[in-house]
Structure formats: C-alpha cells, structure tokens
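Number of protein chains: 2
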Amino acid sequence: MNKYEEIANELRRRIAESEYAEGEMLPDQIALSKEFNVSRMTLKKAIDIIAMEGLVFRKRGVGTFVLKSALWNTSDSKIDDYTGLSKQFPNKKVESKIILFDIVFPSKELQSLLMIEENDPVYHIKRLRIIDNKPYILEETYFVAGLVQQLTEETIYASIYEYIQQTLGLKIGGAYRKIHADLPNELDLLELNCTESTPILEVEQVVYLTNGTPFEYSTSRSRYDTRAYTITDIIKQ
Amino acid sequence: MNKYEEIANELRRRIAESEYAEGEMLPDQIALSKEFNVSRMTLKKAIDIIAMEGLVFRKRGVGTFVLKSALWNTSDSKIDDYTGLSKQFPNKKVESKIILFDIVFPSKELQSLLMIEENDPVYHIKRLRIIDNKPYILEETYFVAGLVQQLTEETIYASIYEYIQQTLGLKIGGAYRKIHADLPNELDLLELNCTESTPILEVEQVVYLTNGTPFEYSTSRSRYDTRAYTITDIIKQ
DNA sequence: AAGTGGTCTAGACCACACA
DNA sequence: GTGTGGTCTAGACCACTTT
Chain X
16 MNKYEEIANE
26 LRRRIAESEY
36 AEGEMLPDQI
46 ALSKEFNVSR
56 MTLKKAIDII
66 AMEGLVFRKR
76 GVGTFVLKSA
86 LWNTSDSKID
96 DYTGLSKQFP
106 NKKVESKIIL
116 FDIVFPSKEL
126 QSLLMIEEND
136 PVYHIKRLRI
146 IDNKPYILEE
156 TYFVAGLVQQ
166 LTEETIYASI
176 YEYIQQTLGL
186 KIGGAYRKIH
196 ADLPNELDLL
206 ELNCTESTPI
216 LEVEQVVYLT
226 NGTPFEYSTS
236 RSRYDTRAYT
246 ITDIIKQ
Chain L
16 MNKYEEIANE
26 LRRRIAESEY
36 AEGEMLPDQI
46 ALSKEFNVSR
56 MTLKKAIDII
66 AMEGLVFRKR
76 GVGTFVLKSA
86 LWNTSDSKID
96 DYTGLSKQFP
106 NKKVESKIIL
116 FDIVFPSKEL
126 QSLLMIEEND
136 PVYHIKRLRI
146 IDNKPYILEE
156 TYFVAGLVQQ
166 LTEETIYASI
176 YEYIQQTLGL
186 KIGGAYRKIH
196 ADLPNELDLL
206 ELNCTESTPI
216 LEVEQVVYLT
226 NGTPFEYSTS
236 RSRYDTRAYT
246 ITDIIKQ
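First to last, the sequence lines map onto chains X and L. Position 48 of the first sequence, counted from 1, bears residue number 63 in the numbering used here, the numbering being contiguous throughout. Position 156 of the second sequence, counted from 1, bears residue number 171 in the numbering used here, the numbering being contiguous throughout.
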C-alpha cells in the first residue's frame with residue numbers, strides 16, 4: 016500500500032468518525048505531513064484523493080474543510096465499484112442462482128459493442144444475486160470468451176470479478192454505462208418477486224480493460240425499492 | 016495557465032492530430048520532460064490528466080499508449096452537464112410550465128442537505144419541462160435563497176442555470192447524485208402523461224459551488240421510456 | 001540488465017484570503 | 001504580514017516488463 020493511500024484511508028476514517036467534523040477545517044498540510052512523517056507532496060496527494068471523492072473541499076488561502084451531506088453516507092452502491100457484491104456487503108450473505116450459463120456467438124449488436132467478430136464466442140450468463148435470502152439483482156452478462164477464459168459454474172457461483180482480476184490478472188480500465196427505468200419483463204416477474212406494476216432499475220454497461228478492449232456487456236436489473244446508484248461528480252477547475 | 020495544463024493541452028493536440036497515433040507509444044516521460052523543459056513530476060501530472068480523460072493508458076514497465084475507442088471519445092453527452100436543457104437540445108422546442116414557485120423555510124432534512132439553518136429561506140420550485148410539446152421532466156427544486164438571489168418567474172420560465180452562471184456569476188463545483196426507479200406519484204400521473212404502472216426514473220441531486228457550498232437540492236422525474244443517463248467511468252491507475 | 005512508469009523527498013516559490 | 005493551499009524542481013528509489 017502506498018503512503019498516500021494509507022493516509023487517505025486514515026483521513027477517511029477520521030471524517031467518518033467525526034474526528035474532523037462537518038464543515039470544520041482539517042489541520043493544515045504542513046502539520047499533517049509532519050504528523051504522518053511524509054513530504055507535503057505526498058500528503059497533498061492523499062487530500063487530492065479524498066477531495067475527488069467529495070469528502071473535503073479546499074479553499075486556497077484558507078484551508079481544507081470537511082464537506083458533508085446526509086446523502087453522502089448512504090449504503091447505496093457507488094457506481095464505480097468493481098469489487099463485486101460480496102465485498103460491497105461484507106456483513107451479509109451473498110448468494111447466486113445460475114439461471115443460464117452458455118457459450119454462444121454474438122449478435123450483430125454485441126459484435127459492435129464488444130468490438131469482436133461474429134466467430135468470436137462469448138459466454139452468456141444469467142444470474143440472480145441474492146442478499147440475505149432476498150432476490151436483489153438479476154444480471155445478464157456476456158463475456159468475451161477469448162479474454163475471460165475457462166469460466167466455470169463454480170466461478171460463477173462465487174465472484175466473477177474476483178476471478179477476472181485476481182486469477183486472470185486482467186485489469187479493468189473503466190466502463191460505459193446507461194441507467195434507466197423499465198417495466199418488469201417475464202424473468203423479473205419470476206425471479207425478483209415483483210408484480211407487473213413494479214418499476215425496475217436497469218444498469219446497462221460495457222466494461223473495458225486498461226488497454227481499451229471491451230470484455231463485458233451486461234445488464235443488471237433490480238426492483239425500484241432495493242437499489243439506487245450514487246454518483247459524485249466534481250468539476251475540475 | 017499552469018505548466019502541466021499547457022503540456023496536457025499540447026499532448027491532446029498531438030493525439031487529436033495523430034502525431035501520436037492510436038495504439039502507438041508516446042515518448043517516455045524523461046524524454047518528454049526534457050522536451051518541455053519541466054521536471055518529470057510535472058510532466059507526469061500532465062499525463063495523469065489525459066489518462067483520466069481516457070486519451071492514453073499506461074503500463075508500468077512498458078510505456079504510455081494512445082487509447083482509442085469510439086465510445087470513449089463521444090462521451091461528451093455526459094451526466095455532468097450544467098448547461099440546461101435548452102443547450103442540450105438545441106434543435107428542439109424547450110418549454111417550462113411552472114407548477115409552484117414559493118419561498119419557504121427548510122425542513123430538517125433540507126437544512127442538513129444544504130448545510131443551512133432553519134431560518135435561511137429557500138426557493139421552492141416545481142417545473143414541468145416540455146420538449147417538442149411532450150412532457151419530459153418534472154423537476155422539484157430548492158435553491159438557497161441567500162445564494163441564488165432575486166429569482167423571478169421570468170427566469171424560471173427561461174434557464175435557471177444560465178441565470179446562476181451568467182448573471183449571478185456563481186461557479187458550479189460539482190454534484191452528488193442518486194439515481195433510482197420509482198412508482199409514479201400523484202403529480203407524475205397528472206403531468207407526465209402516465210398510468211399507475213408506468214415506472215419513473217428519478218435523479219436526486221445536491222449541487223455545490225466551487226467553494227463547497229451547496230446551493231441546490233432537486234429531484235428530476237421522467238417516464239422510464241423518455242430518459243436514460245449515461246456515465247463514462249475511467250479508473251485511475 | 002535495461003528501460004519503463006510510480007512514488008517519494010526536501011525545499012522553493014507562487015496565488016490567494018484575511019486580519 | 002501571515003498562513004493557507006498550488007505548483008514545480010532535481011534527484012532518488014521502487015515495481016514492473018521485456019530483452
């Protein structure tokens with residue numbers, strides 16, 4: 016772990032536990048760099064990180080303040096999280112029910128989204144993610160089989176993302192997402208414990224490796240009352 | 016203009032004009048820092064910026080490469096847009112119907128979200144945004160009256176965000192957003208031309224000035240079949 | 001072993017706010 | 001003027017990949 020990451024973690028903790036209270040000023044950078052025994056550059060990098068996350072804001076000539084809003088500390092999924100559900104809900108029972116697991120050739124649309132040819136096979140997976148015995152997310156995923164190799168049922172029951180990142184060593188570079196509401200489809204009615212008038216939240220995404228290669232197209236559907244997405248957006252000045 | 020911004024601009028130009036072509040490697044950091052006559056730290060900061068924008072990606076031990084992806088570069092229709100609907104739909108007729116316009120004192124929750132006291136008045140506005148004669152978004156907005164001063168009905172019919180940025184000269188620093196699906200409420204049924212089983216997409220947001228002061232809390236509701244939000248998310252390496 | 005990007009330092013100077 | 005955050009340097013060492 017880098018020094019600046021460790022410092023950022025410690026600062027996050029202090030803010031979370033109100034050692035630095037809302038609206039209050041943090042100690043100045045020189046004092047903090049002395050406390051952590053690092054150079055001011057390194058300390059500033061840590062503050063850069065938590066400022067990007069929206070925890071603090073800085074006023075040149077004045078100081079660094081804790082920024083807070085009740086919305087901030089919710090349990091909603093952060094949209095830019097690739098750790099998988101088990102990490103996001105460490106204290107809950109996370110299970111998967113596999114509805115479909117197959118290898119197919121991609122449709123025209125999928126070829127275009129994943130930048131592959133018609134003879135490049137893709138894994139096609141439908142999973143129901145269950146948290147604390149309640150149906151939570153219905154995922155339909157296509158993985159480029161040439162990249163995400165040797166996917167087994169066993170892996171799908173556990174965490175696919177852990178497999179991709181830890182075992183295969185692939186590095187995720189980013190994602191393009193679309194969020195919209197939808198009417199429930201037949202599978203939703205069957206699996207998500209909802210009726211025909213239950214709104215559904217769907218996140219559609221293409222996920223890329225660091226070299227720009229798309230490796231996944233997926234849709235994640237949840238009942239309107241079980242999931243929300245949060246986005247912190249800070250304009251770079 | 017800082018050195019690293021100038022260098023980032025120059026690198027953007029070279030990539031845009033294919034002086035560094037797609038997939039090719041940039042000169043290494045030491046060579047570039049010599050070319051621009053800056054320290055390597057400063058040069059790296061410039062590359063950090065264009066990497067965050069998704070123009071290049073870096074492989075430790077290998078080099079820095081020009082990254083291209085059609086999706087990546089068209090990501091300008093992003094969620095973080097503060098120009099107002101008229102700018103987003105330049106070729107369409109954008110109208111507003113004012114449902115409510117009032118000044119009130121904030122609820123406890125609003126006080127916390129906007130970091131104000133109970134005796135700090137807020138504007139309370141409900142507007143229906145209409146595009147090409149079709150109801151599009153139902154907005155409920157609270158502005159901190161001490162910041163967004165002298166709001167008139169006239170302004171609300173036009174663009175509030177233009178007023179805030181152009182006339183008042185306030186600078187928007189960012190926003191915290193939550194996206195979820197919802198059941199239609201009574202006002203939705205009345206104004207958005209929907210039935211009780213029409214899913215609604217709601218975006219809830221707190222918008223901040225550059226100094227971290229929240230000035231707006233709002234919810235924007237649309238029918239599921241009229242609006243989606245897109246997000247491009249590039250992981251910092 | 002050589003070359004790449006990533007981190008970190010100790011110190012300098014600048015830009016800005018406020019008293 | 002004093003104190004804050006922002007930028008920049010010149011050089012060191014580390015982590016990783018390729019030869």
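If you're looking for bench data, these hints aren't it; they were derived computationally from the structure. Just so you know, even glycine gets a beta-carbon here, dropped at the ideal spot from N, CA and C. Just so you know, not all the hints are guaranteed correct.
To be verified - Part of the chain L face toward chain X, derived, beta carbon under 10 Å:
hint: 1; residue: Tyr19
hint: 2; residue: Ile194
hint: 3; residue: Arg242
Said to hold, decoys possible - Computed Cβ-Cβ distance ranges for the label pairs, DEER-style:
hint: 4; chain 1: X; residue 1: Lys74; chain 2: L; residue 2: Ser127; range: 20 to 30 Å
hint: 5; chain 1: X; residue 1: Glu169; chain 2: L; residue 2: Phe116; range: 25 to 35 Å
hint: 6; chain 1: L; residue 1: Ala243; chain 2: X; residue 2: Gln165; range: 27 to 37 Å
hint: 7; chain 1: L; residue 1: Ala46; chain 2: X; residue 2: Phe120; range: 20 to 30 Å
hint: 8; chain 1: X; residue 1: Ile114; chain 2: L; residue 2: Thr245; range: 26 to 36 Å
hint: 9; chain 1: L; residue 1: Ala46; chain 2: X; residue 2: Glu168; range: 29 to 39 Å
hint: 10; chain 1: X; residue 1: Glu168; chain 2: L; residue 2: Tyr172; range: 15 to 25 Å
hint: 11; chain 1: L; residue 1: Thr245; chain 2: X; residue 2: Met67; range: 42 to 52 Å
For each hint, the structure was consulted:
Checking Tyr19/L against chain X by beta carbon gives a least distance of about 12 Å; that is not within 10 Å, so the hint is violated. With a least beta-carbon distance of about 5 Å to chain X, the hint placing Ile194/L at the interface is held under the 10 Å criterion. About 7 Å separates the beta-carbon of Arg242/L from the nearest beta-carbon of chain X, less than 10 Å, and the hint is met. A hinted range of 20 to 30 Å holds for the C-beta pair Lys74/X and Ser127/L, which are about 22 Å apart.
A C-beta distance of roughly 60 Å is found between Glu169/X and Phe116/L, which places it outside the suggested range of 25 to 35 Å. Against the hinted window of 27 to 37 Å, the Cβ-Cβ separation of Ala243/L and Gln165/X comes to about 35 Å, which satisfies the hint. A hinted range of 20 to 30 Å is violated for the C-beta pair Ala46/L and Phe120/X, which are about 45 Å apart. Between Ile114/X and Thr245/L the CB atoms are about 27 Å apart, so this pair conforms to the stated range of 26 to 36 Å.
Between Ala46/L and Glu168/X the beta carbons are some 50 Å apart, a value that contradicts the proposed interval 29 to 39 Å. Taking the beta carbon of each, Glu168/X and Tyr172/L are about 59 Å apart, not inside 15 to 25 Å as hinted. Checked against the hint of 42 to 52 Å, the pair Thr245/L and Met67/X fails, with Cβ atoms roughly 20 Å apart.
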